[in-house]
Amino acid sequence: MRIALMSDVHGNREAFAACLEHAAENGVERYVFLGDYAGYGADPGWVIDTVGDHVDRGAVALLGNHDAAVLGTSAGMNEIAAEAIDWTRAQVNEGQRRFLAGLPLAVEDDERLYVHSSAFEPDAWHYVTDLYAASRSLMATQAHATFCGHTHVPALFHMSRTGKFASFDPVERVEIPLTPQRRWLAVLGSVGQPRDRDPAACYAILDDATSALTYMRVPYDIERAARKILEAGLPAVLAARLFDGY
Amino acid sequence: MDIERGSGDMNPKRLEAGSVIDGFTLDQPLPPGGMASFWRVSRPGTDMPLLMKIPLMRRGEDPITIVGFEVEQMILARLTGPHVPRFVAAGDFEQPYIVMEFIAGRSVKSFLDKTPLPPAQVADIGARIAFALHDLHRQHVIHLDLKPSNVILRDDGEAVLIDFGLSRHDQLPDLVAEEFDDPVGTGPYVAPEQVLRDRGDSRSDIFALGVILYFLATGERPFGEPQRAAEWRRRLWRDPVPPRRRNGKIPPWLQEIILHCLEVDPGERYATAAQLAFDLQHPEQVVLTARAERRERDAWPTVLMRRLRTPKRLPPRRRTLSGLLAGAPIVMAAIDLAPEGAELREALAVAVRRVLTTSPGARLACVNVLKTSRIMVDPETDAQGRNLHLQRLIELKHWTRALPVAAERVTYHVIEGVDPATALVDYARHTRIDHIVIGARGSSPMRRLLGSVSAKVVAEAPCTVTVVRLRENPGVAAPA
Numbered sequence: 001m002r003i004a005l006m007s008d009v010h011g012n013r014e015a016f017a018a019c020l021e022h023a024a025e026n027g028v029e030r031y032v033f034l035g036d037y038a039g040y041g042a043d044p045g046w047v048i049d050t051v052g053d054h055v056d057r058g059a060v061a062l063l064g065n066h067d068a069a070v071l072g073t074s075a076g077m078n079e080i081a082a083e084a085i086d087w088t089r090a091q092v093n094e095g096q097r098r099f100l101a102g103l104p105l106a107v108e109d110d111e112r113l114y115v116h117s118s119a120f121e122p123d124a125w126h127y128v129t130d131l132y133a134a135s136r137s138l139m140a141t142q143a144h145a146t147f148c149g150h151t152h153v154p155a156l157f158h159m160s161r162t163g164k165f166a167s168f169d170p171v172e173r174v175e176i177p178l179t180p181q182r183r184w185l186a187v188l189g190s191v192g193q194p195r196d197r198d199p200a201a202c203y204a205i206l207d208d209a210t211s212a213l214t215y216m217r218v219p220y221d222i223e224r225a226a227r228k229i230l231e232a233g234l235p236a237v238l239a240a241r242l243f244d245g246y
Numbered sequence: 001m002d003i004e005r006g007s008g009d010m011n012p013k014r015l016e017a018g019s020v021i022d023g024f025t026l027d028q029p030l031p032p033g034g035m036a037s038f039w040r041v042s043r044p045g046t047d048m049p050l051l052m053k054i055p056l057m058r059r060g061e062d063p064i065t066i067v068g069f070e071v072e073q074m075i076l077a078r079l080t081g082p083h084v085p086r087f088v089a090a091g092d093f094e095q096p097y098i099v100m101e102f103i104a105g106r107s108v109k110s111f112l113d114k115t116p117l118p119p120a121q122v123a124d125i126g127a128r129i130a131f132a133l134h135d136l137h138r139q140h141v142i143h144l145d146l147k148p149s150n151v152i153l154r155d156d157g158e159a160v161l162i163d164f165g166l167s168r169h170d171q172l173p174d175l176v177a178e179e180f181d182d183p184v185g186t187g188p189y190v191a192p193e194q195v196l197r198d199r200g201d202s203r204s205d206i207f208a209l210g211v212i213l214y215f216l217a218t219g220e221r222p223f224g225e226p227q228r229a230a231e232w233r234r235r236l237w238r239d240p241v242p243p244r245r246r247n248g249k250i251p252p253w254l255q256e257i258i259l260h261c262l263e264v265d266p267g268e269r270y271a272t273a274a275q276l277a278f279d280l281q282h283p284e285q286v287v288l289t290a291r292a293e294r295r296e297r298d299a300w301p302t303v304l305m306r307r308l309r310t311p312k313r314l315p316p317r318r319r320t321l322s323g324l325l326a327g328a329p330i331v332m333a334a335i336d337l338a339p340e341g342a343e344l345r346e347a348l349a350v351a352v353r354r355v356l357t358t359s360p361g362a363r364l365a366c367v368n369v370l371k372t373s374r375i376m377v378d379p380e381t382d383a384q385g386r387n388l389h390l391q392r393l394i395e396l397k398h399w400t401r402a403l404p405v406a407a408e409r410v411t412y413h414v415i416e417g418v419d420p421a422t423a424l425v426d427y428a429r430h431t432r433i434d435h436i437v438i439g440a441r442g443s444s445p446m447r448r449l450l451g452s453v454s455a456k457v458v459a460e461a462p463c464t465v466t467v468v469r470l471r472e473n474p475g476v477a478a479p480a
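Which chain is which? The protein sequence lines are V and R, in order. So for the first sequence, the working numbering puts the first residue at 1; every next one is plus one. So for the second sequence, the working numbering puts the first residue at 1; every next one is plus one.
Simulated from the structure, these hints should not be mistaken for lab results. The reader is advised that the hints may include incorrect statements.
To be verified - Take a look, some chain R residues computed to stay more than 12 Å from chain V by CB distance:
hint, residue
1, 20
2, 21
3, 103
4, 180
5, 340
6, 394
7, 466
Claimed, not checked - Incomplete in silico selection of chain V near chain R, CB under 8 Å:
hint, residue
8, 133
9, 135
10, 136
11, 142
12, 144
13, 162
14, 164
15, 168
16, 171
17, 174
18, 176
19, 177
20, 178
21, 180
22, 181
Claimed, not checked - Some chain R residues flagged as far from chain V (calculated, every beta-carbon gap over 12 Å):
hint, residue
23, 19
24, 173
25, 312
26, 344
27, 390
28, 403
29, 442
Ideal Cβ positions, reconstructed from N, Cα and C, are used throughout, including at glycine.
Work out the full structure: start from the sequences and follow the hints.
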């Protein structure tokens with residue numbers, strides 16, 4: 001079965017819709033959403049409702065730190081992120097808040113672990129951006145493969161049986177076999193606000209029969225998503241960065 | 001891979017003929033290798049002859065065996081074509097194994113006790129291996145452990161590469177590099193940049209093929225048989241004894257090719273295995289440089305200077321195999337030498353210039369077809385008594401005079417054929433041409449009826465084709 005893994009949509013309806021369509025065309029039968037539906041983008045309500053529809057049909061959805069901030073406080077966030085959260089809070093209705101409040105921090109699925117930030121202290125929102133952070137996460141779980149988001153930069157880490165850690169920059173559309181001989185940590189990149197200098201939306205497809213993971217890049221209507229951010233009165237930098245993918 | 005043959009097989013199950021693993025029946029044991037045992041196996045419903053490779057797990061789980069096996073499973077499963085064994089199945093935990101096509105044929109290792117081989121045979125075997133390498137490189141994989149025992153010549157002559165345990169797929173994680181701090185490979189064949197832990201260069205395989213050619217042509221290994229990785233470094237500064245010094249029957253062109261493969265700097269070697277194969281297929285066209293005439297190894301002051309300048313490590317480089325190959329295509333210009341085609345030939349030169357300008361590593365093969373008749377014995381001389389072949393070669397050379405390409409990168413070929421299009425396509429297929437540039441004469445009702453050479457080449461070519469056509473005169477309507 002082909003499973004789509006999508007993280008960090010951040011209210012970007014255009015990017016999310018493009019990825020969902022791309023996944024459907026590529027034979028995806030199951031969806032896992034790894035959190036951060038809100039914050040930054042102009043359509044948090046639509047995104048949360050769409051995720052909710054998928055969950056009703058069996059999808060897995062996790063809580064992200066921006067979602068938690070919508071429910072609680074934006075303390076600890078930078079000024080722009082906090083401003084976007086304050087704006088988002090006013091957009092989200094009671095049903096959507098209830099949906100977010102019911103989401104888990106991590107889900108185990110067969111030999112896989114899904115978590116928004118890191119398997120190491122999931123509620124502390126650590127960023128897996130380097131080998132050290134990856135090793136903390138890999139050592140914190142027994143799962144054969146962990147999937148997370150949060151950094152907005154796609155990456156793949158792995159640990160051999162002899163305890164060697166390494167990282168790899170995945171190449172889009174190339175199937176990577178997650179071999180059974182080692183353990184893997186896949187950071188999925190971001191659907192709605194990529195930061196690896198490629199503006200196309202990023203997600204991945206896992207084939208659970210062959211354990212092959214394929215990163216996908218999906219071009220979408222950035223102009224429209226950016227215009228809506230400006231029209232909503234959100235900080236202009238949130239629109240501009242979509243074009244750079246950074 | 002150079003490692004001690006271990007004792008103490010730690011495989012959980014004792015394997016014997018008749019045992020069944022995941023539906024495969026073990027039929028007959030084959031001689032074991034250093035890291036694995038091999039069985040002929042069969043499975044109902046599979047006609048292809050099958051080989052099962054089972055890693056020898058030793059005490060303490062030797063990491064090179066484990067990682068090599070993981071890498072081979074990863075890489076072999078995604079390779080296709082006649083130059084690799086077809087992948088069938090793999091198993092992991094209870095009994096690790098890979099099942100693949102059993103290749104009937106002859107290992108290149110079996111030629112070693114008959115060395116030195118005649119130059120023509122060395123070139124023939126070398127070209128076959130080079131084609132297999134090029135096919136591997138096109139699939140994003142560098143072998144990195146090429147040696148005679150890892151090449152099998154099928155009964156039909158095609159070379160098949162085996163054992164991908166140290167290989168690198170340039171779009172997948174390099175598990176070997178991440179597991180080992182020391183360079184890995186096989187002492188006599190490992191390339192200088194591999195010694196410096198660069199595992200990302202397809203030209204490392206061209207170096208190893210150079211070692212094989214040297215061995216086949218002289219009966220000696222150019223760098224001996226160093227066992228310890230520390231001794232591998234020596235090849236970074238010490239050049240091998242020139243092959244002709246070891247065997248006086250080696251012609252200059254073969255020494256030129258071998259030493260071209262064995263250059264220390266990968267940038268000085270053949271850019272692609274296809275370009276190497278091209279030279280091995282056209283000995284008479286190999287441009288001889290100082291390499292061909294070398295009679296002695298370099299004097300010690302030169303060697304000492306090189307040693308002092310040798311870096312401990314290479315700076316990290318970012319390149320992809322597809323980028324390396326795309327930068328060094330073999331371009332074929334199909335040239336019609338008929339007197340009325342002068343204007344079209346000029347337009348063809350403009351188009352070829354454009355292609356060469358964008359790929360600095362390109363080679364250019366200028367090809368003209370000498371049409372032969374099906375029935376008559378064709379005259380080799382024209383009315384003025386000139387040798388037709390020679391005259392055409394001279395004209396081809398004249399055509400390239402203004403093109404931006406060094407003399408050693410251009411070759412000239414007059415090929416014979418009853419049907420020019422078929423001759424061109426066959427030639428392109430045989431020499432792994434990447435890009436054909438061909439002229440099309442104007443369209444006319446007659447030409448459309450009979451079919452043009454360029455249209456047939458476009459339809460049947462195994463690669464990209466650029467068709468060059470002179471612009472119609474403005475105001476003249478195209479025929480309805």
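Hint check results:
1. 20: Check passes; 22 Å lies beyond 12 Å.
2. 21: The claim holds: residue 21 of chain R sits with its nearest Cβ about 17 Å from chain V, beyond 12 Å.
3. 103: Non-interface label stands for residue 103 of chain R: nearest chain V Cβ at 24 Å, farther than 12 Å.
4. 180: Per Cβ check, residue 180 of chain R is inside 12 Å of chain V; nearest 9 Å; violated.
5. 340: Check passes; 49 Å lies beyond 12 Å.
6. 394: Correct as stated: the minimum Cβ-Cβ distance to chain V is 48 Å, above 12 Å.
7. 466: Answer for residue 466 of chain R: holds, closest chain V Cβ roughly 28 Å.
8. 133: Since the shortest Cβ distance to chain R is 17 Å, the answer is violated.
9. 135: Not OK, violated: residue 135 of chain V not within 8 Å of chain R, min 13 Å.
10. 136: The hint is violated - residue 136 of chain V has no Cβ within 8 Å of chain R, the shortest such distance being about 18 Å.
11. 142: Nearest chain R Cβ about 15 Å off; hint violated.
12. 144: Violated - the Cβ of residue 144 of chain V stays beyond 8 Å from chain R, reaching only about 11 Å at its closest.
13. 162: 5 Å, holds
14. 164: 6 Å, holds
15. 168: 4 Å, holds
16. 171: Cβ of residue 171 of chain V sits 4 Å from chain R, so the hint holds.
17. 174: The hint holds - residue 174 of chain V has a Cβ within 8 Å of chain R, the shortest such distance being about 4 Å.
18. 176: Status holds, d = 6 Å.
19. 177: Where the cut-off is 8 Å and the nearest Cβ of chain R is about 5 Å from residue 177 of chain V, the hint holds.
20. 178: 10 Å, violated
21. 180: Holds, about 5 Å.
22. 181: 5 Å, holds
23. 19: Label holds. Min Cβ-Cβ 22 Å, cutoff 12 Å.
24. 173: 4 Å, violated
25. 312: Holds, since 22 Å exceeds 12 Å.
26. 344: 41 Å, holds
27. 390: 50 Å, holds
28. 403: For residue 403 of chain R, whose nearest Cβ neighbour in chain V is about 36 Å away, the distance exceeds 12 Å, so it holds.
29. 442: 42 Å, holds
Checked against the numbered hints listed earlier, the structure breaks hints 4, 8, 9, 10, 11, 12, 20, 24; every other hint is satisfied.
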